[in-house]
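Let chain A serve as the given structure and place chain B on it in line with the hints.
Protein chains: 2
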Amino acid sequence: MDIHAKRIKDLQCMLKQHGLDALVMGRTLEIGFLTGFHLDDCAMLVTRSGAWVFMPKMFVEQFRSKIDCAAAVDAGGPAETAALAKVKELKLKRAAFEPESETYVRGTAWRKAGLQEKAGLTGALRAVKEGEEIAILRKSCRIAARAFGIVKPRIKTGCTELSIYRELEDTMQAMGAKGPSFNLIVGFGPNSAMPHHESSERKLKNNEAVLLDYGCVYDHYCSDITRSYFHGKPTEEFRKVYSIVAASQKAGLARVRAGVKARDVDAACRNYISDAGYGQYFIHGTGHGIGLEIHEYPRLNTKFEAVLRAGMAVTVEPGIYLHGRFGVRIEDSVLVTKTGCEILTRTA
Amino acid sequence: MDIHAKRIKDLQCMLKQHGLDALVMGRTLEIGFLTGFHLDDCAMLVTRSGAWVFMPKMFVEQFRSKIDCAAAVDAGGPAETAALAKVKELKLKRAAFEPESETYVRGTAWRKAGLQEKAGLTGALRAVKEGEEIAILRKSCRIAARAFGIVKPRIKTGCTELSIYRELEDTMQAMGAKGPSFNLIVGFGPNSAMPHHESSERKLKNNEAVLLDYGCVYDHYCSDITRSYFHGKPTEEFRKVYSIVAASQKAGLARVRAGVKARDVDAACRNYISDAGYGQYFIHGTGHGIGLEIHEYPRLNTKFEAVLRAGMAVTVEPGIYLHGRFGVRIEDSVLVTKTGCEILTRTA
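Which chain is which? The protein sequence lines are A and B, in order.
Just add 874 to the spot in the first sequence (first one is 1) and you have our numbering.
Just add 874 to the spot in the second sequence (first one is 1) and you have our numbering.
Accuracy of the hints is not assured; some may be wrong.
Listed next, with one range per pair, are the computed distances between beta-carbon atoms [said to hold, decoys possible]:
#1 B:Glu-1004 to A:Lys-931: 45 to 55 Å
#2 B:Thr-1221 to A:Arg-922: 55 to 65 Å
#3 A:Arg-1020 to B:Asp-1138: 47 to 57 Å
#4 B:Lys-1107 to A:Ala-1048: 25 to 35 Å
#5 B:Lys-883 to A:Arg-1020: 42 to 52 Å
#6 B:Val-1181 to A:Gly-951: 18 to 28 Å
#7 A:Ala-1180 to B:Ile-1010: 38 to 48 Å
#8 B:Lys-1079 to A:Gly-951: 31 to 41 Å
#9 B:Arg-1131 to A:Asp-895: 44 to 54 Å
#10 A:Ala-959 to B:Lys-986: 43 to 53 Å
#11 A:Asp-895 to B:Pro-952: 28 to 38 Å
By construction, these hints were calculated from the structure, which means they are not laboratory data.
Since the model is a prediction, treat every value here as computed from it, not as a measurement.
From the three backbone atoms N, C-alpha and C, an ideal C-beta is built for every residue, glycine too.
This is chain A alone, in the form it adopts within the complex (with noise of 0.2 Å):
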């Protein structure tokens, strides 16, 4: 079966187990997840036993010359109403949406029109991937790790943070990416201790530290990556913090394993970094789920209640921050397996 299609026989399947005749989402995402068309306004409804996305009327052929796992309907007008008219039509009584996908105006349309709130279900269908969607994603993460190599010996003194910004841009998109898969962080010396830090015509001095944290999109599948290094011969402390951090993602990565808490993974980076003594300079959460967006479920900090299972693909990204000064940050995409992880993004 087309991977689109088992993607809708589960959705369906899971309605059945939550008492729900149908769902409807309006974001392009779920419904590039659900169809693999992903185009903007569109709305999607699926029943136990059907599947229907409304759409401008210019989308309809194309839709239909490549897609057999929903039937298109030409809208005829905003794709919501016409999307609300066939849960009338079929006289669907308990119909849910997603509240965490749709924005505040659609949702809120389909809360007067008498659906309920039902989060999580496209969700968890995404959060364990699985078939073709696993090798789109190693090789999303294998382009971004091999644009490190190739990239680096081109850093050089002189050269500003947004040069570098497209040199990576470039190179990932030389090897197939569509483009980068979020605003990249070139930072060099004290803007590397900004972990946000917008990449800037900042140029790079000599002996100073050089932070990239990158990932490219390929077939919509987001890599994500950082690498810290020393532009010159690296002070006693850059290596001291340096060697921190990697300690510490090592104790993240050995925790990673189907069956463990997201917060445990998060617990043992932290711990490392604290019991080092750079606690409070570990200022942001270990990690982060990805897929088709490059922050998705779950969460890997002090918080969020999740267990890892086998297929999730996560970030381990421990980092220590001296403001000011310097920042270095290690940061791995890993695929969760039942007896550990297979990290994503190092090349053999």
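Same frame as chain A, but now just chain B:
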């Protein structure tokens, strides 16, 4: 006065005019527009006399080092919760949020906390471009326009759509663009007849239509342009359709002026194509506003109620799509002026 300080002041005037005490915002786009700080997971509160941005601890130093127009606050948890606590602390009775900008989850949280819905405040500020913003948008459009002249000679028989997609991206990035402003459309042959075709590995053959719908993001501002032409010796029908679309666009551009209804520009384009006998093949609206978003207020179609104002930036993009054969669309981004418009996507 700094442009961001001015925007916050303009918003504060609007609060007074509408009898509101405050506006809360959770989307990066509005916060970026008002402060120049474009990072996720923040929330902003603007009262008649103050402005605060609540953010993760790791952003605080970065924000303070660059931005004066609002106070940075470590949210110490979800930014929305911190913003609502401030609303309560300041005893703001008539606080509002913009339904069109919020996610369902966040908007619902605002609503349940007693905030009222008030649409269009920041949208009105964003619609009319002013100051440095116009120069940035001009540059964004000029980069896109120049890319056509550079890339067209490289579009040869046997090229794939995706290779031209990358050529367009690379060319625009080499001129300073951050990236593409949307999922660029490169359509060869029959693919040119699908208004939102997803660029593929399809190769260009001799004697067929080419459609390029593309644009870039430069300093956060989006440009949008479409060029159509025939690769080889144009057929009689292509020539005819092209000349109709070109004349239709010319008729539309001639209508653009401050004080004119957006609908009337659509009608000028649409009537020309209908009179030429191709009305049923013009299957989308005539245009849309551009700015921080690739599609923003106003829309130029048969139904949208809006009057053009000097400083608005919109696209004019009629097209004719002959399914299975070829399509032609001609699109320019223009700045509305008191006496007409400045076409931003044409090179001198």
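Hints, verified against the model:
A hinted range of 45 to 55 Å for the beta carbons of Glu-1004 of chain B and Lys-931 of chain A is inconsistent with their spacing of about 37 Å. Range check, Thr-1221 of chain B to Arg-922 of chain A: about 56 Å between beta-carbon atoms, so the 55 to 65 Å window is met. Between Arg-1020 of chain A and Asp-1138 of chain B the Cβ separation comes to about 54 Å, which falls inside the hinted range of 47 to 57 Å. At roughly 34 Å, the beta-carbon separation of Lys-1107 of chain B and Ala-1048 of chain A lies within the given 25 to 35 Å, and the hint holds.
Roughly 49 Å separates the CB atoms of Lys-883 of chain B and Arg-1020 of chain A, a value that falls within the hinted 42 to 52 Å. For the hinted restraint 18 to 28 Å between Val-1181 of chain B and Gly-951 of chain A, the CB-CB distance of approximately 23 Å keeps it satisfied. Checked against the hint of 38 to 48 Å, the pair Ala-1180 of chain A and Ile-1010 of chain B passes, with Cβ atoms roughly 42 Å apart. Between Lys-1079 of chain B and Gly-951 of chain A the beta carbon distance is about 38 Å. The supplied range of 31 to 41 Å therefore holds.
Against the hinted window of 44 to 54 Å, the Cβ-Cβ separation of Arg-1131 of chain B and Asp-895 of chain A comes to about 52 Å, which satisfies the hint. Between Ala-959 of chain A and Lys-986 of chain B the beta carbon distance is about 29 Å. The supplied range of 43 to 53 Å is therefore violated. Distance hint check: the CB atoms of Asp-895 of chain A and Pro-952 of chain B are about 33 Å apart, consistent with the given range 28 to 38 Å.
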